[in-house]
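> Sequence:
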Amino acid sequence: MKWLLLPLLFLGFTIGTPAFGQGSPTEVVKKTVDEVIRIVSDKELKKPQNEQKRRRELKQAIGAIFDYGEMTQRSLARHWRQRSPAEKKEFTELFETLLENSYAGKIESYNQEKVVYGREIVQGNNAEVRSTVVTPKRDEYSLDYRLMKKGEKWMVYDVVIEGVSLVANYRTQFNKIIMSEGYPALVKKLRTKSEEIKAP
Numbered sequence: 084m085k086w087l088l089l090p091l092l093f094l095g096f097t098i099g100t101p102a103f104g105q106g107s108p109t110e111v112v113k114k115t116v117d118e119v120i121r122i123v124s125d126k127e128l129k130k131p132q133n134e135q136k137r138r139r140e141l142k143q144a145i146g147a148i149f150d151y152g153e154m155t156q157r158s159l160a161r162h163w164r165q166r167s168p169a170e171k172k173e174f175t176e177l178f179e180t181l182l183e184n185s186y187a188g189k190i191e192s193y194n195q196e197k198v199v200y201g202r203e204i205v206q207g208n209n210a211e212v213r214s215t216v217v218t219p220k221r222d223e224y225s226l227d228y229r230l231m232k233k234g235e236k237w238m239v240y241d242v243v244i245e246g247v248s249l250v251a252n253y254r255t256q257f258n259k260i261i262m263s264e265g266y267p268a269l270v271k272k273l274r275t276k277s278e279e280i281k282a283p
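Per my numbering, residue 84 is the first one in the sequence shown, and the count goes up by one each step.
No lab work stands behind these hints: they were computed from the structure.
For glycine and all other residues, C-beta sits at the position ideal for the given N, C-alpha and C.
Take the hints with a grain of salt, since some may be wrong.
Stated by the list, open to error - Computed spacing ranges between beta-carbons, pair by pair:
1) GLU223 / GLU264: 33 to 41 Å
2) LYS233 / GLU127: 19 to 27 Å
3) PRO267 / PRO131: 37 to 45 Å
4) THR275 / ASN208: 14 to 22 Å
Taking the hints into account, I'd like the entire structure generated from these sequences.
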């Protein structure tokens, strides 16, 4: 499994303005990729004194198209229904912070990777955009986006990297911890991890 591709997955989750949420799923993904590349390639934002500004722009872009609530619910699966409203809110916020801080930093290591878009599959309010990431060394990896339409906006709730679902991967990890150590242990682990990789 090419988990080194994880830094690239947010290329399809990011968005610059609400207007980008309109159009076909592939158009949404493509426009968001362009926005992230613009941010990480900006010479001014690369300067050390602009690190916080760059990170804020990346996190804002990520949060505009990434459906944290949907991803959290699917990752907890049956355990989600057992949580109180307060627990759901807390867990969603922790998961969001973990993803933002973990991957925003890795996105900054962008190195001229290219994304080639393939087939788009739309079934009602669900869609999948298939793509291939091509590295400077000409290695190729599949990177597929799963989206849901909420209102007039397509939102990404999962990414499949080389055939492995990110949501399914988290679901397996979360379930294992809950079953062996309990839900409070999972929350503690997420809180600790979020602090370890806290954004600047």
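> Does each hint hold? Answer for all of them.
Verification of the hints:
1. GLU223 / GLU264: 33 to 41 Å: 39 Å, holds
2. LYS233 / GLU127: 19 to 27 Å: 34 Å, violated
3. PRO267 / PRO131: 37 to 45 Å: 39 Å, holds
4. THR275 / ASN208: 14 to 22 Å: Check failed, 37 Å falls outside 14 to 22 Å.
Of the numbered hints given earlier, the model fails hints 2 and 4; all others are met.
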